[in-house]
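Q: Protein chains in written order, with the working numbering: chain A, 1 to 388; chain B, 1 to 259.
Within a straight-line C-alpha distance of at most 25 Å, the following computed DSS-like cross-link-like pairs (lysine-lysine) qualify:
#1 B/Lys239 <-> B/Lys68
#2 B/Lys181 <-> A/Lys347
#3 A/Lys352 <-> B/Lys153
#4 A/Lys172 <-> A/Lys382
#5 B/Lys155 <-> A/Lys347
#6 A/Lys95 <-> A/Lys72
#7 A/Lys242 <-> A/Lys347
#8 A/Lys115 <-> A/Lys127
#9 A/Lys172 <-> A/Lys197
#10 A/Lys352 <-> B/Lys181
#11 A/Lys126 <-> A/Lys115
#12 A/Lys352 <-> B/Lys155
#13 A/Lys215 <-> A/Lys382
#14 A/Lys173 <-> A/Lys382
#15 A/Lys172 <-> A/Lys275
#16 B/Lys153 <-> A/Lys347
#17 A/Lys242 <-> B/Lys155
Not close to chain A: a few residues of chain B, all C-beta gaps over 12 Å, as computed:
#18 Ile50
#19 Arg191
#20 Leu192
#21 Pro206
#22 Lys207
Short, incomplete list of chain B residues facing chain A, as computed with Cβ under 8 Å:
#23 Ile59
#24 Ala63
#25 Thr65
#26 Ile102
#27 Glu152
#28 Asn158
#29 Ile159
#30 Ser161
#31 Val162
#32 Thr163
#33 Glu171
#34 Gln180
#35 Asn185
#36 Arg188
#37 Asn232
#38 Ile234
Please keep in mind that the hints were generated in silico from the structure rather than gathered at the bench.
Using N, Cα and C, we set each Cβ at its ideal position, and we do this for glycine too.
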Amino acid sequence: MQVKRTIAVFFLFCILSIYLSSCKKNTLSIVSNTTPVNFSLVFDDFWNKMNSNYLYWDIDTTNWDEIHVKYKPLFEHLDIQNKNDVQKSVGYFRKMTERLIENHFTISFINNYIKDSFIFPSLERKKVSQNFHSPFSYISVDSNYLDKGFVVGNYLTLSNTQLTTVSGTINKKILYFYCNEFALQEANSSNGTNGVKSVLQYFFNQLQNMPSNIKGVILDVRSNGGGNLTDLSYFIGHFIDKPLVFGSTHYKSGNGRLSFTPWINAIINPLPGSKALVVPIIVLADSQTISVAEAITMAIHILPNSLFIGENTWGALGPITENSLYDDGQFIVPSFLSVYTSSAAFKYVDGKSYEGLGFPPDIAISFNLSSLLAGDDLQLDKAISLIH
Amino acid sequence: MVSLKLIWLTDVQIIYLMYHYKNRLFYLSIFFLLTHVSYSQIFLGLQGGISNNYLETNISNRASTAIKSHIGYSVSIPIMYKVNDWISFQTDPNISQKNYSINRIDSFIGIYTQYNNTYLQLPLSTSFYYGNKVQIFATLGSYFGYWLTGQEKGKIPNIFSVTTTGNGSGERFLLTAFDQKYQFNSQRDNRLEFGWLTGIGIQYRPKDSYNLIIECLYYQSVTDNQNNYMANQIPQYNKTLFLSFSLLWPLKNKTQTCK
Chain A
1 MQVKRTIAVF
11 FLFCILSIYL
21 SSCKKNTLSI
31 VSNTTPVNFS
41 LVFDDFWNKM
51 NSNYLYWDID
61 TTNWDEIHVK
71 YKPLFEHLDI
81 QNKNDVQKSV
91 GYFRKMTERL
101 IENHFTISFI
111 NNYIKDSFIF
121 PSLERKKVSQ
131 NFHSPFSYIS
141 VDSNYLDKGF
151 VVGNYLTLSN
161 TQLTTVSGTI
171 NKKILYFYCN
181 EFALQEANSS
191 NGTNGVKSVL
201 QYFFNQLQNM
211 PSNIKGVILD
221 VRSNGGGNLT
231 DLSYFIGHFI
241 DKPLVFGSTH
251 YKSGNGRLSF
261 TPWINAIINP
271 LPGSKALVVP
281 IIVLADSQTI
291 SVAEAITMAI
301 HILPNSLFIG
311 ENTWGALGPI
321 TENSLYDDGQ
331 FIVPSFLSVY
341 TSSAAFKYVD
351 GKSYEGLGFP
361 PDIAISFNLS
371 SLLAGDDLQL
381 DKAISLIH
Chain B
1 MVSLKLIWLT
11 DVQIIYLMYH
21 YKNRLFYLSI
31 FFLLTHVSYS
41 QIFLGLQGGI
51 SNNYLETNIS
61 NRASTAIKSH
71 IGYSVSIPIM
81 YKVNDWISFQ
91 TDPNISQKNY
101 SINRIDSFIG
111 IYTQYNNTYL
121 QLPLSTSFYY
131 GNKVQIFATL
141 GSYFGYWLTG
151 QEKGKIPNIF
161 SVTTTGNGSG
171 ERFLLTAFDQ
181 KYQFNSQRDN
191 RLEFGWLTGI
201 GIQYRPKDSY
211 NLIIECLYYQ
221 SVTDNQNNYM
231 ANQIPQYNKT
241 LFLSFSLLWP
251 LKNKTQTCK
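Only chain A is shown next, with the shape it has when bound in the complex (with noise of 0.2 Å):
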């Protein structure tokens, strides 16, 4: 009798553990790698990366499923296949994306109808601020501040940019160092000779060596796009001799929208045999100082005796590097858009982001573009007043 009972409590069991089995979700994967072949799937895939790549949704205010709930609807209704629709399709990315906070964004697109397109949310807020301006061109007018005798880099990046680099001095007391975008270490470990790779030379030599009637360091950063993150460890590691802890990353962790790892430190660690850095230093940058060169501006202000002038920088603050590395940040819609976004969030070691806000500048003078067209450079001359 025992037997056939506890038999019978067995098939019990069978019947139980099945039906309460059934409670749970399934947990199929929403993120696909193959290509879309309707609009439905195109937006699905859209905001499923967007959904789990996306670094700022910890901060960021656009209600990404409130998008969902407006937008699905209106992608079902479009044909891939119509030319029409797929141009109508941009529209709706731009609309879909045009508050989020991070300031590296972009949208460009890979279907043939709409090659040329481009999204740039925060380009399109900035061009109808009042304060904006266009990169310019500081150094042709800076040149003429500099004593006789100071070198002028150029080299041609594997991006297919001109980096042009300058260094020399201010009257004979200023150490002056120009460059338009990041790429120094890539220019220097070059094959074969280039001009950055003189004015380097020049320009560390001169920090590991500080002749005694040099009184300051002029750092002009500004209309730079940003480059190489690893320029950073590069060019601020000649500056320090000790691991310069100057804020936090985080990265994505999982597939959640709010999945993240822990922040850790962000840390610049000192070439062998750098030096610290004695006399004052003074940063320029302005608001079309983005990404890397931004980075470079609030490394600088740690350093004692830093000073910031200019205006508020771009605020496209997160690093970049390949989707790969931490499962996160830019990817693609296979055949038809490619993300560029960042891999990870940075917070700067004020606690503080400022992404999408921009770093302020200790002294603010703004752009003024009919004095530098006289050939005078309001924030280069506040900054030359400040080094005695």
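Given chain A, work out where chain B should sit, using these hints.
A: Using the frame of chain A, we list chain B on its own:
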């Protein structure tokens, strides 16, 4: 001690009821079990053991990434109400770890985040015994849990440490280690857990004064450990295997004739 009106059902009748009243299966089974009473005894004890937890979710979209189960501990104070020789009800309020890690694999090996999560759990279960002095038993029940604390540790490439490799063609990142308390996010984290459990064990009663139990229990959460805070959410469930050793003493002994 048990005051239910007693009904004797044959096993055929039980299966008939199970077939026709599927949606009332749970209530029927409780009723059935309560009516098979011959005597009762309450035990109190101590239990300790290890847990091995796995996070069930879908990360197939994440390149070179795998979820790995991890060992933790479990301690509890089991309370068992032994209805008769072959059935008991028990609860064992416990503090248990449900640990797992998300590891990068292939060329990213060395990058990982390990989550050591501690839960307070209250299981309610029934066990069915077979044997005399040495009994084997099977257990089925459900549990409630509360996610008390968490610890995150791991290694991650520090993006700002990037340098170029010797020939300038690649990038090298330094791994940064972290080990810190998990920061709960009320929007994201669902700290309440509910699930079912099942298991098997061996009970040894050398004397009437105490019981020795070795038990293997499987806990399956049916609640997502995230709140339902976004569309297209991929749920995450804890699946935990416990291996424990218990020592129980009778508190009260009472015999009843019921059949």
